[in-house]
Amino acid sequence: MTGSFTRRNALKNLAGFLGGILALPAGRACKAAVKNAFVISPAPAGYDPSKHKWLMALDVDRCIGCGLCVEACKAENSVPDNNFRTWIERYVITRPKAGSGESRGDTFVDSPNGGMGGFKPSLIPRDDILKSFFVPKLCNQCENSPCSQVCPVGATFESPDGVVLVDKNYCIGCGFCIQACPYGCRFLNPASHTADKCTLCYHRVTRGLRPACVEICPSQARIFGDLNHPVQDDPLQRFIENNKTQGLKAHLGTKPRVRYAGLDEEVR
Amino acid sequence: MNTGILTNAVEMLPQLQGYAYPNERTLQPLWSVLIVVYPYITGLVAGAFIMASLVRVLNVKALEPIYRLALLTALAFMLCATLPLLFHLGHPERCYEILLTPHFTSPMAMFGFVYAWYLMAVLLLELWFDYRRDFVEWSRTQSGFRGILYRAFTLGVTDLSEPALRLDARLGRIISIVGIPSAFLLHGYVGFIFGSIKANPWWGNVLMPIIFILSAVASGMALCVFAYLFLCWARRVTADMRCLDLMASFLFYAVLLDASIEGLDWLHRLYSAEEGIDVLRSLAASKLFYTLLIGQALMGTLVPLLMLGSLQLVRKWVSDLNRRRLYFSSSTLILLGVLAMRWNVVIGGQLFSKSLRGFMSYKMEFAGHEGWWLSLALLALPFFILTVLIKYFLALDLPTIENVVPGASPHPDPREAPH
Numbered sequence: 512m513t514g515s516f517t518r519r520n521a522l523k524n525l526a527g528f529l530g531g532i533l534a535l536p537a538g539r540a541c542k543a544a545v546k547n548a549f550v551i552s553p554a555p556a557g558y559d560p561s562k563h564k565w566l567m568a569l570d571v572d573r574c575i576g577c578g579l580c581v582e583a584c585k586a587e588n589s590v591p592d593n594n595f596r597t598w599i600e601r602y603v604i605t606r607p608k609a610g611s612g613e614s615r616g617d618t619f620v621d622s623p624n625g626g627m628g629g630f631k632p633s634l635i636p637r638d639d640i641l642k643s644f645f646v647p648k649l650c651n652q653c654e655n656s657p658c659s660q661v662c663p664v665g666a667t668f669e670s671p672d673g674v675v676l677v678d679k680n681y682c683i684g685c686g687f688c689i690q691a692c693p694y695g696c697r698f699l700n701p702a703s704h705t706a707d708k709c710t711l712c713y714h715r716v717t718r719g720l721r722p723a724c725v726e727i728c729p730s731q732a733r734i735f736g737d738l739n740h741p742v743q744d745d746p747l748q749r750f751i752e753n754n755k756t757q758g759l760k761a762h763l764g765t766k767p768r769v770r771y772a773g774l775d776e777e778v779r
Numbered sequence: 119m120n121t122g123i124l125t126n127a128v129e130m131l132p133q134l135q136g137y138a139y140p141n142e143r144t145l146q147p148l149w150s151v152l153i154v155v156y157p158y159i160t161g162l163v164a165g166a167f168i169m170a171s172l173v174r175v176l177n178v179k180a181l182e183p184i185y186r187l188a189l190l191t192a193l194a195f196m197l198c199a200t201l202p203l204l205f206h207l208g209h210p211e212r213c214y215e216i217l218l219t220p221h222f223t224s225p226m227a228m229f230g231f232v233y234a235w236y237l238m239a240v241l242l243l244e245l246w247f248d249y250r251r252d253f254v255e256w257s258r259t260q261s262g263f264r265g266i267l268y269r270a271f272t273l274g275v276t277d278l279s280e281p282a283l284r285l286d287a288r289l290g291r292i293i294s295i296v297g298i299p300s301a302f303l304l305h306g307y308v309g310f311i312f313g314s315i316k317a318n319p320w321w322g323n324v325l326m327p328i329i330f331i332l333s334a335v336a337s338g339m340a341l342c343v344f345a346y347l348f349l350c351w352a353r354r355v356t357a358d359m360r361c362l363d364l365m366a367s368f369l370f371y372a373v374l375l376d377a378s379i380e381g382l383d384w385l386h387r388l389y390s391a392e393e394g395i396d397v398l399r400s401l402a403a404s405k406l407f408y409t410l411l412i413g414q415a416l417m418g419t420l421v422p423l424l425m426l427g428s429l430q431l432v433r434k435w436v437s438d439l440n441r442r443r444l445y446f447s448s449s450t451l452i453l454l455g456v457l458a459m460r461w462n463v464v465i466g467g468q469l470f471s472k473s474l475r476g477f478m479s480y481k482m483e484f485a486g487h488e489g490w491w492l493s494l495a496l497l498a499l500p501f502f503i504l505t506v507l508i509k510y511f512l513a514l515d516l517p518t519i520e521n522v523v524p525g526a527s528p529h530p531d532p533r534e535a536p537h
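Note that the protein sequences, when read in sequence, are chains A and Z. Just so you know, we're using the working numbering here: the first sequence kicks off at 512 and counts up by one. Just so you know, we're using the working numbering here: the second sequence kicks off at 119 and counts up by one.
No lab work stands behind these hints, which were simulated from the structure alone. Take the hints with a grain of salt, since some may be wrong.
What the hints assert, rightly or not - Not everything, but these chain Z residues come out facing chain A in the computed CB check (under 7 Å):
no.	residue
1	Arg212
2	Thr219
3	Ala227
4	Leu469
5	Arg475
6	Ser479
Claimed, not checked - Under the rule of at most 20 Å between Cα atoms (straight-line distance), these lysine to aspartate or glutamate pairs were calculated in the EDC-like manner:
no.	chain 1	residue 1	chain 2	residue 2
7	A	Lys760	Z	Asp396
8	A	Lys523	Z	Glu142
9	A	Lys760	Z	Glu392
10	A	Lys608	A	Glu777
11	A	Lys564	A	Asp745
12	A	Lys755	A	Asp745
13	A	Lys585	Z	Glu142
14	A	Lys760	Z	Glu142
15	A	Lys766	A	Asp737
16	A	Lys766	Z	Asp396
17	A	Lys760	Z	Glu393
18	A	Lys562	A	Asp639
19	A	Lys631	A	Asp572
Where a beta carbon is used, it is the ideal one built from N, C-alpha and C, also for glycine.
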């Protein structure tokens, strides 16, 4: 073997190494092109996500806790047992102890089986309850979604139409997005071993239908619409005009898009 | 109004206290004990490398006996650093996507690059430049498999002229200097994986990468002390006490710094008393009492600090044997304490609901793919690899040129004396 270790040889090797690295983006572009040709999208052909902006709003005072939305979601999206794309929480706030100087007592929250099948009467005596209400929960479709930010391969992304989606054919199942979601909206699907979450029923809304939970809600606690194409007497526009709305955990800077009206400070 | 943690009378599951979001009610936390092992192993790599760098960069001559041992330790652990992650992934067969289509805003996506950089550009290069001369010598004197192995490792560069050796030494030092920030980057990044999660009040903290780096340095140094003493014992040779005392001094200051910053972190959390502080306080007092307060703070930090600290003051009155015993036990305690720290961060962060209204439990599986057995195997694997590396690269029967093998007779430094 010759084995002369010279500056020229070292530089040659280094140049080869750098050349290899520089060739990587070209390889990636080719791979993306091939992938695009075979991509399977839940949206129909011809659907242009840049022309829509979907939004879900929730009227807490209207929710009766029947749990039909949870059931409809499970059926529509084949959500596994013990996992939920949407669920309902029941808040029970007790009266303060006499003379305690507090404005309210303790807060109890429950969501047995995600609220599917409704709620049994609370075990707390009726006279002790100051107030009680139901809060439907789902993915907040954040503008600054921490789940998309941390995904190491970009399998989770914010679609231009305002929905955060997961490409299950690309997700590596690391669970980082599930840890990063402050709302507990994501789960690792035990069948596909990938991250799963509410898509606002993307396969339905891109075909002009409403999400399953909105469709079935008997009290119109869930309001859905397209901000870019308001219909006549649009329920979403009317809801936003008539209510003071807010997103959940706004202090985290995630800019949740899902709007709530009538939230109590105890709701997190 | 009571915003504390309340026991929910309506909904009581055995593994759940209070309220947790329905998707959080799982039997196992999403990131199991494998993710505890992962930052632990990565930290040991970074720490062992820093120990080796003290010799090259700061020219601490007294530590030369452990220079190669520290580098080989770092390599053995580095080779295993990605395994826990791979075992944990839902789709390990797609792991290459992290390198091919990385999402640059993700701290996890950078791991492939930081890891590759550290392994290929720092650790292997530094080892090669340090060993090149020995490889050439050994390939001439050894026969059979060993001879072929050493000849292959020369990579065909058999030039042992004085300028070539000087170049080896110079490049080795440059790589070492680059290696220190790289080691900080490697482990700081691991800390950032947790520190960047603002959804979790236990993790989302600006000090998290710093704490991870400092505890990594402490654990890596403790591992070097442990490995050196163990190797000396296995070879029935006397340890170099000057080297050992100095290592223990560095270890003492590393643990002291780590403990101070972790203490500052808790002080800051308690003083600022932000939203999640009630949960964290309950966590420390109940679910993490044994691993955090007893394991990490008392046995893993305070006791070794007292042992090492008192030896700093009364070293000359303590016999060599007793000093070795104290160094061995304190380094073992530090190693276990840092493992407890990783547990407290990774598992502790998943023992409470992000609704801040309840706690979950973690009962570790025994044999499952994220259970005791696999974690122990993954922790034992680097030690096995290190044994093989020592057999081939730190063997007593090899004619060494440097005074780097415990028990070997000292030789003049080749970098100073022409061959």
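Do the hints match the structure? See the list:
no. : hint                : in the structure
1   : Arg212              : holds (5 Å)
2   : Thr219              : holds (6 Å)
3   : Ala227              : holds (4 Å)
4   : Leu469              : violated (13 Å)
5   : Arg475              : holds (6 Å)
6   : Ser479              : violated (16 Å)
7   : A/Lys760 x Z/Asp396 : holds (18 Å)
8   : A/Lys523 x Z/Glu142 : violated (54 Å)
9   : A/Lys760 x Z/Glu392 : holds (14 Å)
10  : A/Lys608 x A/Glu777 : holds (18 Å)
11  : A/Lys564 x A/Asp745 : holds (14 Å)
12  : A/Lys755 x A/Asp745 : holds (17 Å)
13  : A/Lys585 x Z/Glu142 : holds (17 Å)
14  : A/Lys760 x Z/Glu142 : holds (18 Å)
15  : A/Lys766 x A/Asp737 : holds (18 Å)
16  : A/Lys766 x Z/Asp396 : violated (25 Å)
17  : A/Lys760 x Z/Glu393 : holds (11 Å)
18  : A/Lys562 x A/Asp639 : violated (51 Å)
19  : A/Lys631 x A/Asp572 : holds (19 Å)
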